[in-house]
Every structure is written in structure tokens, then in C-alpha cells.
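Could you put the whole structure together from the sequences, leaning on the hints where they help?
Chains as they are written, first to last, in the working numbering: chain A, 174 to 357; chain V, 2 to 986.
Away from chain A, derived, C-beta distances all over 12 Å, residues of chain V:
1) Glu142
2) Gly455
3) Asp693
4) Ser771
5) Ala773
6) Leu863
Calculated cross-link-like contacts (lysine-lysine; reagent style DSS-like; alpha-carbon spacing at most 30 Å):
7) V:Lys606 to A:Lys187
8) V:Lys324 to V:Lys382
9) V:Lys606 to A:Lys193
10) V:Lys917 to V:Lys955
11) V:Lys379 to V:Lys324
12) V:Lys379 to V:Lys98
No lab work stands behind these hints: they were computed from the structure.
Predicted model, so just to flag it, every value in this text is computed and none were measured.
Every residue gets a Cβ at the ideal spot worked out from N, C-alpha and C, and that includes glycine.
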Amino acid sequence: MVRDYNNRHALDQKLRGTPKPANADHLEVGHWQAIATVLASVGLEAAVERALSSTPDLSLRYCGPGEWLVVSGVDTPLGLMRRLDMLCGTQAHVVDQSDGRVLMRLSGPSARQILAKGIGVDLHPSAFALGGSTNVLCGHIAVNLSRIGEDVFELIVSRSFAESLFEDLMTMGRPFDLSAAFSD
Amino acid sequence: MTAYRLSSGGLLDRSKVLSFTFDGRPLRGFAGDTLASALLANDQLLVGRSFKYHRPRGIVSAGPSEPNALMTLGSGARSDPNTKATVAELYAGLTAKSQNRWPSLGFDVGAVNGLLSPFLGAGFYYKTFMWPRQLWEMLYEPVIRRAAGLGRAVLERDPESYEKSWAFCDLLIVGGGPAGLMAALTAGRAGLRVILADEDFRLGGSLLGETETIDGSPAPAFAERVVAELLSLDNVTLLPRTTVFGWYDDNVFGAVERVQKHVAEPSATLPTERVWRIAAKRALLATGAEERPLVFGGNDCPGVMMASAIGTYAQRYGVSAGKSVAIFTSGSSGYRTARGLVARGVTVSTIVDSRPEATEAAPDGVRVIRSGAIVDTKGRKRLSGIVIERSGFEELIACDALGMSGGWSPVIHLACQRGARPVWSEDLKAFSAPDVGGGLRVVGSANGVYTLSGCLRDGAEKATTIAVELGFNAAEASLPVIENEAEPSFAALWYVPGAKSKAFVDFQNDVHARDLGLALREGFGHVEHAKRYTTSGMATDQGKLSNVNAVGILAGMRGVSPAEVGTTTFRPFYTPVSFGALAGTSRDGHATPTRKSPLHEWARKNGATFVDSGLWFRSAWFPRAGEKTWRESVDREVLNVRANVGLCDVATLGKIEVFGADAAEFLNRLYCNPMLKLPVGKARYGLMLREDGFVFDDGTVSRLAEDQFFVTTTTAMAGAVMSHMDYCAQVLWPDLKVRFCSVSDQWAQMAIAGPKARDVLQQLIDEDISEAVFPFLAARSMVLRGGINARLFRISFSGELAFELAVPAGYGEAVAEQIMEAGRAHGICAYGVEALNVLRLEKGHLTHAEFDGRVTPDDAGLGRMVSAQKPDFIGKHLSARYGLTAADRMQLVGLKPVDRDKDMRAGAHLLKEGMKPSTLNDQGWVSSAGYSPVLGHHIALAFLKSGRERYGEKIVVWDKLRDHEMIAEVCDPAFVDPENKKLKA
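Take a look at the structure:
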């Protein structure tokens, strides 16, 4: 009995179907991405951070002292695990979260205004600069928020909460005609 | 006609006529009107009935302090009771209804209370309806509440939508009057992130009703210029129609924005109201000052208004409150208002000045009566005249509007919401704001600066100071030149003696001066007591107009300074905020998030009935055609698992991965049973205690590698266990080399249970999972055919031969489907949490129904798990307390009904036969109960005093909630397969 297994995205039911054109404010849900938690061994936090941040194609999201979510748009989940294991060796523990997290990218001129409805963190560029990331609550839901552009933010949320967060974001974006789709 | 629209002037768009109705009567106003100004322009003086005596009442103010003009706006589910007409922006199609009257505003039956008023003094209800005591709750209070009260809440579902938003700024300015605008301009030009909030729909505050000229142009034009510049600055956010209602810790302010309360057809995409939480590095309170009413006989007659309100209606709204206006003043403001009115063409007949000497000049042709006092008013639903008394000489003067000007009180509520008390200022004859530190400063009239030039300067200077504090370069502001400036001064006049009729202190609560005297006589002279005794300063306006006079009168009665009387406590909200706005979007399905399992779609396709379980949405049972009740489905699922095999979603369990050289030591200290020597490739049941020795949570610990563990928790305690571990690692044992993270959402975990479980599962896996190779409690990573990375655990909650299989969440559905297909020949079924619960109950396995925080391991029959060898673990020391080791503690037992048809439910208590139910006679309680399809009767788990010694004893199961009593036999809690033969098959 051998078969190919389908991987179902947490928002499959919400977003499957003909893609609608993206509006100025748009929520793009990552369909395929590799995400891993990296936990630096005690005392080796700085070394691990150096190793990770000097690697191309990897985006580092701060989660706490010595803890990051590493996002890759080019690796498979398994590939990312291998790459991180090689990179960190015994300096860190690496955990695959590709299936456990959902990545949403909110972009557009109203992105900050939309997020301000759920997130109690100052998102002004002077306070939350490009490349910054942090664990925050969006309404009732814990997310990792990062700024990857002037008006572009990424939210990483636990899979079981993804549908609720998605609905909340769409409600928050309603006055701005927020659109949503899977990434290509 | 008395009140009327002036032929020109006012900040109105007279080309935009707005039709509206009041109590069904069609009326017209202009764009720029408030409901109150439009009503006045239509000579609708009578707008409501008072709370207690149902006296006719008219509009008093032109702003948020309004005590009388409370109306219900809109209709049906969209109606808004207790809306102040003085702040409600007029729109086309608005429908307003007066309140507190029956059958009509003009003829109100409740007015009979006015005739009974000699008997209805403060405290009347409490004194009269004292006994019989039980009637208070049953009869008196409901009847009194129905007769009193303000407005009526609507019970229909609120169709409006609401939202909340955070905002951050360097400087929040509360109030858009002269001081606020000047501060915003100064800070905005300096580059600060500024938010300016004002409750009015038009920014400008007192500038909109001023008669002075600023830099040669009228005050409203100046305001318009400043607003235009502020709008051009990117770093300035203007929030009109926004009331800052509260000041909270960390300089966070609460504000409510009326986004579309003023539109006839609200947009579906916008909220009706928006609550702002504004985190401000600095804040300026530029809320201005409130003119005080005067307390004299008949001062509540419709037509008696605040003098400044009459001025505002004339200047801003182009409405004259009457054909012949009189002013009663204790200071210069009354003269200033009179001058403004005369300039607008309003006839002012008389100024009654309480002071013997005054230097102010009255406008030409206006009679001034010095040392005068009004002791009564004439007219019932409309003022027709005032009675003036001077040294015993009474004179009746005809007039149809009277302005009261009793001096000014700074509006300082926000500054006093966090415990600091207002400070009495003898200079200002008012309570002023306390020093609450640099986070919140008071500016302009709110700071006791009453001249226009002074307000502008104060605003500019304080904004400059703040800019410098925050590291900005602030240019010296050039201040505009003011002409015809008046310097207000007044004499404190709390009470006008000689009243010939009721002299009201608090209009909204019908409190008159004599009520305060009664309160003092009866020992309620403390300002907080007097408030409760008389209700002065309660209800929707919270005494914005009345409080200072009440304090002054109490001070006069007690013969002390107002400083000694003090004020009542200021609390949020400054003005009422609707519950809808406070709830925001957190209603219905959005009240809490819903968590969905990665197997949700699989369960749905298999026809699951779902149940809310905490935040989770879990499959409860899987009904099949022909099954009429949930019990039929659950019984079938249980029997099928016992006979064949079933698949159950257990993905909701908490899952934590633990790493590090000290990971084993860390877990060894967390759990009460040993974990140090758990072999790689093995799982173990683990029990965590709290420090106090009671069970905290249970779960499994699997060792995947020497320094890597996989821990599961119960669904309910997943978050709590994670926090507990964080606390232990960071605070208790920071020296341990351990790291961990939650992988709860990464893995779709499913239980495959039943005698045929292995046969089904083996079809998906190449590796041998036979009893010899993969025995009970084996735990290992493996790869499914097709290349899916999985983890397999030989653990069982049902007591059957069982596996738990974890696959990456996205593959959960596909793998579950594959297992169902592989199991079809073996009679596999999907089973839900109900069957899961019955299976564990039959086996005597425990959940948080048993571990309710009062249970020790020994109580639960797990005493042997507690390691005596380990040097330490959480809960070890307090477990040895006498109370936790006493022999008569309640211990876990099973219960079987003696009469097999009888059922039991959780929550019932246990009694010895023949004993009366009482706390003393209580023998224990039922923690879980259900029907066992295997045994064919109900079973229960219970905690019974010294229960393990009492197997075979008959005991009464007493369930008062359902009025149910039956006899059960005490037995071993493992009802099915106590020898664990099936488990290890």
C-alpha cells in the first residue's frame, strides 16, 4: 500500500478556488514555506544568531532569548532542517514547524492601520523598524509579527489558530477592501 | 414663538436643510446644527421630564454636561437611549423621542410625584419601604425601578458593528479649543507625533462661540486656519467626534470615536463606533472649563439655561433662546455673554448681578440689578418671568430665557481618574487638577487660565516644553493678537437664599438644596455619603454641572471651606460609552478564537458532530444512518473499538519538545515519577504535581534521543504546562542546560485503538511493529510508506492494543483517510471524544474531571508513581504534609448501580445508607459517569473516604440537583480488563 499523501493547508477551505485580483491592501497566505524553530544551546545564543543571520535566503524572526523562527522560501521543510542542522551543528536544536505554522503577508498602504486594530505595539517605522520581529497578540491570538517592507508585514501563527486569525484580519481590513489569496 | 433662528450668522450651512422628527413632529434644521440647537430653533423648549418628580425640563447646556435633554435616537434595534441632544449632530432623517414621560411629554401622569414631593425627599424610598423586608426585592424595588430610571434599553440584537484600535503618539491632546489647537500646532510643527481628540464634530471648542477677534479675524476663522494647517501635517492625527473617556496605567488613554453616529445610512464596511487605546508619551488635558449653574428657586424651569450656552447657541448656531433674555450672574462672564448676544441682535433686558459692586459695563439699554437675587421663576413648561428680591423687595420681570453664570470650574476629570484628588483653589474658587507628573499636564482653561490669550500662550508653552523633553527642536511660537479680550472674574455663590420654590442642585437626579440639608441632618454630611443619600452627581452626567455647587452648599451648611468637604471620586468613563463599543469585534464567533484540529476536515467528511472544548472544536461522535440518539453512536463506537479497531483525533493534546544535556534532569524534577533513566525509544506515563503536592497534569514522556524528549500534556493544560516549564527553566533552575518549544500544532496525532490496530497500521508502515519489536510503550520516529516522516507511540488511553501516530499536520487528513481505507476490511470506525471518554472510564483512566486540583497521586490510586528515591521534584516536600497523607482522604473508586437500570451523573455526592445529607456526613463525590456498553449498565468514578478499603460496600449516590438518589456498589475503578491483557496483546 503506497500512495502520495496530500498536504492540506490550514486555510485550504477558505482560500481555494479561482484567485481574485489583489487590491491595494492584500493578504497573501504562504502556500508553501519552510519554517523551523531554532533553539540555541544555553550560552551559544550569539554564535547561533551570527551563523543564521549571515546565511542568504533565510529570514530570522525573533521569538525570545536564543529562540528564532527561521523562514525559507526556497527550501523544502526537510531541506531547511538539513541546512539548519549543518549550519548550527551541536550549537542549537532545530525543530520543524512548517506544518505547525501558517505565514500571512499583509501589504498595502493601510497595513499599519489594519494591524493597529489587533496589535498593541507601535508599528511606526521609528519604533518597529524594517527587519524587526516580535511575538505579540493580535486580538486574542499569539503571532510572530515582522516588518519586511515599509508597508509589508508578515504574521506567523499556529496552525490551529490560522482560520480565526484570517477571519479577524479580514474583519479588520474590511473598511480598506482587503483582499486575500494564496501565494503562487 | 419665543426661541427662534436668527436671520443670519452661525457656523451653519443654511443651504443644506435637514428634516428630522421629535416625538413624531416633523422639524427642520441646518447642516452644522446639533439636535439641541435645531430643537431650540424650532422653539421646542420642553425636551424631557425629570427623573423623580417628572417636572418639565428644557435644554440647559450646549455640550456634554447636559443633564436634561436626554433622548432616544433612532428606532427599533437601532435606538440609542439617553443621547444628549446637545452633542448629537443633526442629520437628515434623524428621529428623536423624549424619555421619562407617559403618555406624552406635554401631559405626563408621573408629574403627580411633584404634588407628593413633600413626602418624596432624599432617602424616602429606603425609609418607607423598609418592611416587611422580603418585599423589598420582590415588590418595592422592581416597582420603583420601573417608575424611575432614564430611558429604556433595547433588547433586540444590536445591528451596529464596532471595532477597537491602538494608537501611539508622542503627544495626545485632549480637547480642540484654543489651548489644544495651539499646542497641537506647536508640537506638530516641531515634528512630534500628535493626536488631537475632541468630542465635538467641529474642532475649535470655545473659539466657535467667541466674540473676540484673533489677528484681526473672527475666532472661528482662526480655528479653521489652524485646523487646515494641522490637516496638512503627516505627523498629526485629528480625531473629531472622539471622547477621551479614561486615563489608565502607562499613560494609556481610552477614547471612543463616533465614526458614523451622525449619518442616516451607515456604511456597512465602517464601524458605528471605534474605541481607541492611545498610548501617549505625553498628554495635555485641554478640556476647558464648565460654567456653573446658580441654585435659586425655580431654576429648573424650561428656558433657564447656562449663560454661556445661550451665547453659544447665538454665536455658533444662529439661534436665540428667547425674545427677551435675562442674565443672572455672579461675575463678569454674564456681562460678556450679554454683550455678545446684543451684538448678534438678541434682546437682553436685564442683568441680575449678585455682587453689590461690579466694574463691568452692561451693553446699552440693558438694566443692571446689583445685589440682586432671583428667588422664583414663573411659567411651567416655559419661562415667563423671574421674581427678583432685593432687601425684601420683590419684583417680577418678564422674560422668556434666563442665562445663569455662576463662575467657572476647570474640567479636570481625566487627571483625577487614577487616585489623585482635585485641589481646592481659593484663587480660582474652584477645584483644580492635582499635579500628576509629567505624563499628563493640564493646559488652558482646564488649568485655570481663563483669558483667550492666556490659553493660547499656555498651549504653545507646554507643547514646547514637551517637545524639548522628547528631544525635538521646537521653534518659539508666535502668538496671535487678541482684541476685545475680557478677563473673567466672579464671586462664589453656591446658593441663592430666599428661594420660594425648589432650588435644584442636580437637575438630572432632581436633587434640590433641601435634600442636601436633610442628608447633613441625618448624618450623611460627608461628600461621598451625601452623594449616595441624595443621588446628587449620579446618573449619566455624573454631576458635571452640579457637583461643585453641591460641595459648596455642603461646605456652607457645615460652616467649612469647600477644601475641607472635598469632592467625590472621579472614575472612567467621562461620559457613558456603549457596551457595543467596548466589546468591539469580540462578539458572536469572534468572542474567542476557535482552534481547529488538522484532522477537522477528515472528521467533517466522516460526518462528525462537533463540540466546543475550550477553544477547540472537537469531533464528539460520528453518527451513522439510523442512529437516533448520540448514545447509540457512542455505544457502537465503543463496542467497535473493543472488538475491532477505531481511529480518534487526539491532535489537541499539548506537545512539547525538550532538548539539551540536562533535559532528562529537567523532566525528572518536573514529574513526580522517575524520568532520568527512561531509555531511548521508550514512552512513560508521567504525573506532574504542583508545589503544594496536588496533581497538576498528566501525560506521556517519550525519549527520542539521549538529549531529546517529546512530552504530551492534556488538551486543557497545554498552555499552563508550557508556562510552568518556562517558569521552572528560567526562575527555578536557570543552571540547567535545557531548551524546549511547543510543537502542538506541528503534529497531527491520532489514536488507533482496538485488537486489530496493528493489522491496520502495519499496512502503512514497512518497519515491523509487532509486539516483539514494538512492544507496549515503544516510541520511535519512522517513515510511512510514501515517505511521510512520522512518530509512532505504543500508548493507550482506551486500554486496548493501541498506537498513537503523529504525522506533520498538513498530512493528517490524508493519513487518516489512508488508515480508514486500510481498516475497512477490519471494520474500523471513527470515534469521537465521547467514546474516548467512555473507553477510559471503563478502564479507570483519569482526566481533569478527576484531577481537579484537590487530588493527590495517592488519592487517585497512583501513589506508587511518586518516587521516594529522587532527591527532589516539584511537589515532593509538601506531599508529605499530614493532611495529604491522612488515611481518611477520599480515594478513587469505581461505582456500579445495584439496580442495573439506574444511572449516575458526575457531581453527585456519596452518603452512607440512612444518613442525612450534610457536609458532615459527606462521604465523597462522583467525578465521572457514563454508560458502559461493554458492561451494559452505568458506571462511575468517584472519590470516597478511605475508598480502597470499602470495595463491596453499598453507598447512596445523592444528586440533589436532579433530585435523584440511588444505591451503588463500591468497586475497583478498572471495570474492563484490570489485568491489562488487551493492552499488551
